[in-house]
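Going down the list, the sequences are from chains X and R.
So in numbering that gives the first Met the number 0, the last spot in the first sequence is 404, and the numbers never skip.
So in numbering that gives the first Met the number 0, the last spot in the second sequence is 180, and the numbers never skip.
Please note that a few of the clues may not be correct.
To be verified - Calculated Cβ distances over 10 Å to all of chain R for the following chain X residues: (1) GLY43; (2) ASP65; (3) ALA97; (4) LYS117; (5) HIS118; (6) GLU122; (7) SER163; (8) PRO179; (9) PHE208; (10) HIS215; (11) ARG229; (12) GLY286; (13) PRO342; (14) LEU347; (15) GLU382.
As the list claims (entries may be wrong) - Below, in silico cross-link-like pairs of lysine-lysine (BS3-like), each with a Cα-Cα straight-line distance of 30 Å or less: (16) X/LYS168 / R/LYS100; (17) R/LYS66 / X/LYS159; (18) X/LYS154 / R/LYS120.
To be verified - According to the in silico footprint, chain R covers these stretches of chain X (three or more CB under 8 Å from chain R): (19) 232-241; (20) 264-275.
Simulated from the structure, these hints should not be mistaken for laboratory data.
Note that beta-carbon positions come from the ideal geometry of N, C-alpha and C, so glycine has one too.
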Amino acid sequence: MAINPQSFFNFAAQNYSLLHDIFRRSGGMNDAELSELIRRHRVGLESPAALIDKLISLKIIEPLPDATASYEMTRTLSVLFRFLLQEQRLTSTAVIQAYLDELERSQSDLEHAIHDDKHSLIERALDEITETMERIRQDSRANREAIINEVMTVKSNRDKRTVSDRFEKINYLWNHYLEPLKDLIDVRKTMDASLDGLERLLKQGMEQFLLDGALHRDFIRCSVRLVRLRRDMTADFMESMHEVEPLYVSLKQDSSLARGVARALERIGREGIRNLNLPATLAIPSGWLREGLFNNTDIESFLHNVRGYQPQEPPVIGIGGEALSPRFIPPDELIDTLRHVLPVGDVLQWLLDRYDGYPFPELLRAYGRIFGSDAFKAGFSKEEKCYQLPGITVLARPLAVEAIV
Amino acid sequence: MIENPCDLPYLDEIFQRLCRGRHICAEDGNYYHALYDNYDLYQQLFDRLGFRLESHPRDFYFFRGEKSLSDASSRMALFIFILMEFLEGQGEPVAESILTKEFSVADMPHFSTERYRLYMKESGIADHDGLEGVVNNLEKFGFAVRKGGSFRFRSPVYRFFDICHAILQADQRTAESEVPS
Chain X
0 MAINPQSFFN FAAQNYSLLH DIFRRSGGMN DAELSELIRR HRVGLESPAA LIDKLISLKI
60 IEPLPDATAS YEMTRTLSVL FRFLLQEQRL TSTAVIQAYL DELERSQSDL EHAIHDDKHS
120 LIERALDEIT ETMERIRQDS RANREAIINE VMTVKSNRDK RTVSDRFEKI NYLWNHYLEP
180 LKDLIDVRKT MDASLDGLER LLKQGMEQFL LDGALHRDFI RCSVRLVRLR RDMTADFMES
240 MHEVEPLYVS LKQDSSLARG VARALERIGR EGIRNLNLPA TLAIPSGWLR EGLFNNTDIE
300 SFLHNVRGYQ PQEPPVIGIG GEALSPRFIP PDELIDTLRH VLPVGDVLQW LLDRYDGYPF
360 PELLRAYGRI FGSDAFKAGF SKEEKCYQLP GITVLARPLA VEAIV
Chain R
0 MIENPCDLPY LDEIFQRLCR GRHICAEDGN YYHALYDNYD LYQQLFDRLG FRLESHPRDF
60 YFFRGEKSLS DASSRMALFI FILMEFLEGQ GEPVAESILT KEFSVADMPH FSTERYRLYM
120 KESGIADHDG LEGVVNNLEK FGFAVRKGGS FRFRSPVYRF FDICHAILQA DQRTAESEVP
180 S
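The whole structure should be built from the sequences, with the hints applied where relevant.
Pasting the structure below:
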């Protein structure tokens with residue numbers, strides 16, 4: 000018997016907490032348990048037996064097949080509850096693959112109907128294609144929600160599960176849902192080719208039935224739904240991967256570490272700690288400088304050559320009592336000498352003449368001292384002059400100095 | 000550009016630490032940076048002197064000894080293995096906890112079960128004082144830092160993680176070779 004939707008939703012609104020509790024009893028409940036739930040949640044004066052009858056007539060509950068006087072929530076309503084509570088269950092890729100097969104069959108029907116120009120068959124095929132595409136889209140979205148819920152549960156780890164347990168869960172998601180889903184949306188694989196074929200067919204239909212307003216609109220709607228399906232499936236997959244991948248990687252590393260530790264301890268327990276030969280594996284120097292001293296053959300041979308060497312007396316280094324090297328121009332002497340010959344029109348030439356035979360760097364150092372000295376007033380000539388020295392040519396504007404008044 | 004190896008920064012301090020088995024990581028500041036900036040030069044110099052300087056992918060440095068090896072290695076490894084297994088059993092992320100948590104020596108699980116007590120007995124650690132000794136060694140070799148009654152691990156603890164991975168891989172290889180074709 001058909002259900003009056005308004006009565007259904009009115010009843011659901013008045014008895015939401017009861018319905019929610021029935022949904023939570025996923026394993027079903029017997030008559031007594033259900034009566035107890037009803038007594039706890041009922042809002043009217045109806046007896047539990049009357050309310051059970053109403054729950055059955057509104058197709059909220061149905062008898063369990065394997066027990067008498069026991070009930071469970073109907074599958075349709077459970078699915079609605081899961082959707083409302085964001086507790087969707089995972090749809091395996093086998094189911095999605097079955098949808099895709101169905102889509103291909105409908106596509107083939109549509110192709111024949113277009114070819115034969117049979118409008119009613121075209122409409123039916125378009126309806127079927129739309130229905131299948133929406134189912135795929137809803138399941139893909141539900142999968143995304145279910146995967147995110149699962150990841151959050153594993154991340155929060157409220158029930159203190161071990162790393163290995165948590166990795167098993169994530170690994171299962173990875174291998175049974177994400178990897179196959181990746182294959183499905185992979186542009187090089189069958190699903191994409193199949194959807195490409197459908198897109199071409201819908202485009203052909205749109206062009207062919209351009210003048211048939213209703214049919215043309217149906218083709219457009221179907222095409223738009225196809226675009227949405229592809230976009231949403233890719234987005235769902237990417238979002239799911241984004242949630243799962245970092246957790247998968249970190250748990251995989253941790254799990255391998257935990258298994259390594261378990262194996263190490265197992266071997267220590269069975270064979271003793273010495274058997275693992277950990278000092279050699281870690282190879283940590285003990286801190287005694289026994290090694291490194293003579294274990295290098297280069298050093299060893301060098302030390303053998305040195306053996307028996309008789310040191311000589313070190314050469315005596317004279318200190319004081321000798322004249323200063325003529326290569327050095329004492330600064331004070333330089334300034335005093337220059338003072339006596341002022342004014343000088345070309346300082347560099349004067350240095351070359353006065354200190355003939357001195358190394359050029361020393362002459363330049365003296366030139367710098369004169370230029371930087373506060374005792375003179377200095378100025379450069381406008382004309383450049385070329386100074387020829389053994390192996391060196393200097394091009395400069397002559398520096399003239401005179402005493403400060 | 001350093002031409003004379005004797006001009007390498009902190010050469011004396013770095014050598015003193017490395018040859019005593021200490022691991023030098025980023026937490027060691029100038030010593031780490033000196034090694035990081037001049038690794039090849041240090042390696043060549045130490046190689047000439049008969050020492051093998053190694054750089055770990057997790058960015059720390061140590062000498063790989065050959066003749067006189069520390070026998071504290073086994074006890075340190077066992078200490079860390081038990082702690083890792085305990086953390087795993089508590090549902091903690093093992094590597095993350097080891098690398099980020101601060102542990103109290105008094106709360107260590109090493110004598111909490113019969114199995115752990117047997118392991119400890121096997122390695123010659125009889126009581127809490129023995130555990131203190133192990134933690135002191137961990138600090139001495141640069142695997143941990145002590146702060147009063149607590150301690151935390153430093154990045155060189157990855158060397159013990161490497162052992163776990165190596166043991167697992169060796170076991171897997173053995174298992175694969177035993178599968179009848």
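Hints versus structure:
1. GLY43: Its Cβ never comes within 10 Å of chain R, the nearest being 46 Å, so this holds.
2. ASP65: 36 Å, holds
3. ALA97: X/ALA97 clear of chain R: closest Cβ-Cβ about 36 Å, beyond 10 Å.
4. LYS117: 60 Å, holds
5. HIS118: At about 62 Å from chain R, X/HIS118 clears the 10 Å cut-off, so the statement holds.
6. GLU122: Consistent with the label, X/GLU122 stays out of reach of chain R, its closest Cβ about 57 Å off (over 10 Å).
7. SER163: 8 Å, violated
8. PRO179: Fine: 26 Å to the nearest Cβ keeps X/PRO179 off the interface.
9. PHE208: 60 Å, holds
10. HIS215: 58 Å, holds
11. ARG229: 37 Å, holds
12. GLY286: The assertion about X/GLY286 is violated, with a minimum of 4 Å to chain R.
13. PRO342: 49 Å, holds
14. LEU347: 37 Å, holds
15. GLU382: 45 Å, holds
16. X/LYS168 / R/LYS100: Holds: X/LYS168 and R/LYS100 sit about 26 Å apart, inside 30 Å.
17. R/LYS66 / X/LYS159: 45 Å, violated
18. X/LYS154 / R/LYS120: Violated, because 37 Å separates the two Cα atoms, which is more than 30 Å.
19. 232-241: violated (count 0)
20. 264-275: Check passed, 8 qualifying residues.
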